[in-house]
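Novice: Chains P and L, in that order, give the protein sequences.
Quick note: to get this note's numbering, add 7 to the position in the first sequence (first position is 1).
At position 81 of the second sequence (counting the first as 1) the number is 74 in this note's numbering, and the numbers step up by one without a gap.
Source of the hints: derived by calculation from the structure; they are not laboratory data.
Remember, it's a predicted structure, so these values are computed and weren't measured experimentally.
Take these hints with a grain of salt, some might be off.
Stated by the list, open to error - Taking lysine to any residue pairs in the SDA-like style, the calculated list, with each CA pair at most 25 Å apart, reads: (1) Lys406/P x Glu127/L; (2) Lys324/P x Glu305/P; (3) Lys250/L x Leu252/P; (4) Lys112/P x Glu127/L; (5) Lys294/L x Asn294/P; (6) Lys250/L x Met161/P; (7) Lys336/P x Phe107/P.
The primary structure of each chain is shown beneath.
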Amino acid sequence: MIIKTFYKESKELWRDGRVRITFAIVVLLLGIAVWISARQYQNINEQHQIAQKAEREVWDNQGEKNPHSAAHYGTYAFKPKYPLSLVDQGVDKYVGSSIFLEAHKRNEAQFSAAADQTGLSRFGDLTPDFILLFIIPLLIILLGYNTFTKEREMGTLTLLKSQGITPWKWALGKWTALFLPVLLITALLFLITGLVLSNLKDFGVFNWQSLFSLFLVYIGYYIIFINIVLFISLKATKSGIALVLSLSVWILACLAAPKAASNIAEAKHPYPTRQEFAANVLKDKQNGLDGHNPWSKESKLLEQEVLAEYGVDSIHKLPFNFDAYRMQKGEEHEAEIYFKHYNYLKDQYSKQSDLYQSLALVSPYLPTRFLSMAIARTDYTAHWDFSDAAEDYRIATQKFLNANFAENSSYGEWGYRADADFWKKLPDFSYTPPKLNAILSSNASNLWILGAWMAVSFALFLITTKTV
Amino acid sequence: MLRYNFKYELRLLLRSRWIQILSLILLVLFGFSTFNGIEKVAKRKSDISIAKQQVQESDEAMLKLLDSVERGLPVSASSWTIPTSPMAVGNYHPRVAAMEPKPMAFVATGQADLFTHYIKPTVSGDDFALNFTEMTSPVQLLFGSFDLAFVIVYLLPLLIIAFTYNVLSAEKEQGSLRLLASQPISIRKWVFQKLILRFFWLSVLVTLSMLIVFLLVGTETFEWGGIVSLLGLTLSYMLIWFALAFLVNLFVGTSAKNAVSLIMLWVIFVLLTPSVINQLANTLYPMPSRTLMINEMREHKAEATKRQDEILDNFLRDHPEYAINDSTQSRNFYHSYMASQKVVKEALEPIVDTYEQQLHKQQKWAKKLQWFSPAIVVQESLNQLAGTSTADYESYRNQVIGFAETWRNHLMTYLYNNKPFAQQDYPSLPNFQFSYIANATIGLSVLVLLLIAGALLAFGFAVQGRLQKRGLLSN
């Protein structure tokens, strides 16, 4: 029964010219989207490598210089593009791609792509994730809205009933007929992406495992949509009504809910403005140790402590340059301030993401979106992870420079210059994004929500078949 | 006939509860989105006024400090922050360069969540140091905002589709089409009248619910011109969708097929065309890599730093009086720093310009191609109306950079004259006043939208008339 229904439905779908055209359009769009993203990915990574090399050369060839001048001169950490951004660009467009690492200051990533584009970019981009998240669910609706209503409208339902069908088997056949084309198209996309990625150079952290997890997430998302569309088709009396209802669900889940969620999240847990943030940091900094200010109360305190520790009566007698030591202490203090303020941002965001998760009960789009971005390493957490790594590197660099300053000069010797080849000894900045397992376990709640959606919607659909 | 149609259509819409349901949906959608918009504008205003107040307070403190210094009293502030130094004023007492919202700003978030609305430019630091993007969670930027523009551009067409997809096909499916055909009115005229009546009722509902929401949620300053523009845009956009529904009703068959066709049009106009045009704009006029720009900027800066001594030497040779008067280290630093700053700025200018130019080209391209999708036209016009379009933020950027220059120059005169900043100099400090660019294109957009709608309707009439020979009733 299941197989027969499946054959019949598949044949019917295939015979429908509109279905074939729609299918062709979706495949074409996917092709274009993958092609564009692949080119972009390659381009950006090439630029990334060039920039990284050039920046390192600039750093290495500073010549003789005071280490602290070099610290102010600073260096850049460039964010690479990850292979699976080919599938989901996530928030990449809205976060900066380079972080300036300098003394005394933790800078935010600069230059987001969105700021350099016209207002049109806010409509969305033609990327695979746009098609996977918006267009394929729409395709499911178009393929499946009349699955059951047509039997009513053509009068074949009575015929079927008189044959003594088992409703759930019949329904399952129809379900499979709708699922298979969607599975095929998605599998095709992921296979092509996998092949493209494994043939591209510098694919860094790409592995098939992540790609497969991403594939499973999307299949789960589509199963939910299939369940909902078929459930509506079972309940509705007319095809037109079923279509309009399914579309309303789609709009609500994919368009309205995320936007409403973002508004509510912002109203409830707002970020400070850039100026406020800077002002708050400055205020904390003024209350603490400033490495450049030997006259402040905190500096005097530090001085006494160090003098007592080494058992000498003058900072000139210390075995190292106290200026540099104070600089390093100030640096550590400032790093703590930044840590605190950035943690506040992270806190606000984690409250926001709790809100997104609670709204995921209304919209299966939300958990899918977050999971997909997370697995592709293009989500906000991945960005935080990178910028934290850059900050660690910045702190380590300051320590490296101040240590050289402290060891090789005496107090008040601001004219000290480090050797020209000293800079080469600074280790390179290297960053490895989190592993798949870590990502999945930190996104466990989204996985659960997605699973619950699948189970509940499927159960609802199967139970409803009984009432036909 | 129109009179009958009018009467029965109204009765039908009331009995099928369409009018009641639509009013409720519209009130909820407009209410929620307007509330969101107004909340955002209120936050923007309060952020700016807090910033301004802080500046005012710090100004008062500065004046007090100046007073003490001028009277020769001891002060407790760090030496380099004492405002007799013009550079201390320029760095520690910057003005707020704010972009106050337009009265209609609540209509469209546009780029408002991406860019900041106030900046305090200081005398040191170059224009690259001015970061114009706002600190927002990128997830929020990705999802966008549930604003009035979203309701109008995305959701209203869908309501129209649900409201119109089966005007003719329902008659066919119920079997009442034959009855209708026997009436002394052509089918297309009948469909036309029916749709125009629905358009009329929906327009009334939209206008009323918008006005009710505005009154209830309360926009502080009621700008009638803006509201008229908003309504003009909304109604002409609605008319386009009704015209499309008219064509689909005439040319396509069953209710479900109609709905599918209309949805396809919606996907093409609202989702696909904007992203394709944007993609093309990025491909045709690609932004030069910011990453590579950083390299270039670093090289220029390194070079300018090397030349800094040279620049200062020249400067001091030209102005020996400064060298003699030079009493403190910090003064010396600022003299050379500010002099070389100009050189760095000049070197960086062409790089900054390439970005602005490329953005200009993209905008021009987008402006040309926007006519492919009424959704883009309306969204862009609403952004203009709200003062949150890309062009508005670009103009803000340029005005702030201009003001930063004024601020720098004003205080640099004190620096190079070695004239300390005094209390009486305070009132002459420059202030920033933002002025919005004139938006003359909204009227044009409305006109073109109406023309397109008219053309679609006329096309339906003309072509369907010819096709009718085949017979509408024959299957």
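Novice: May I ask which of the numbered hints given earlier this structure violates, with the numbers listed in increasing order?
Specialist: 1 and 5
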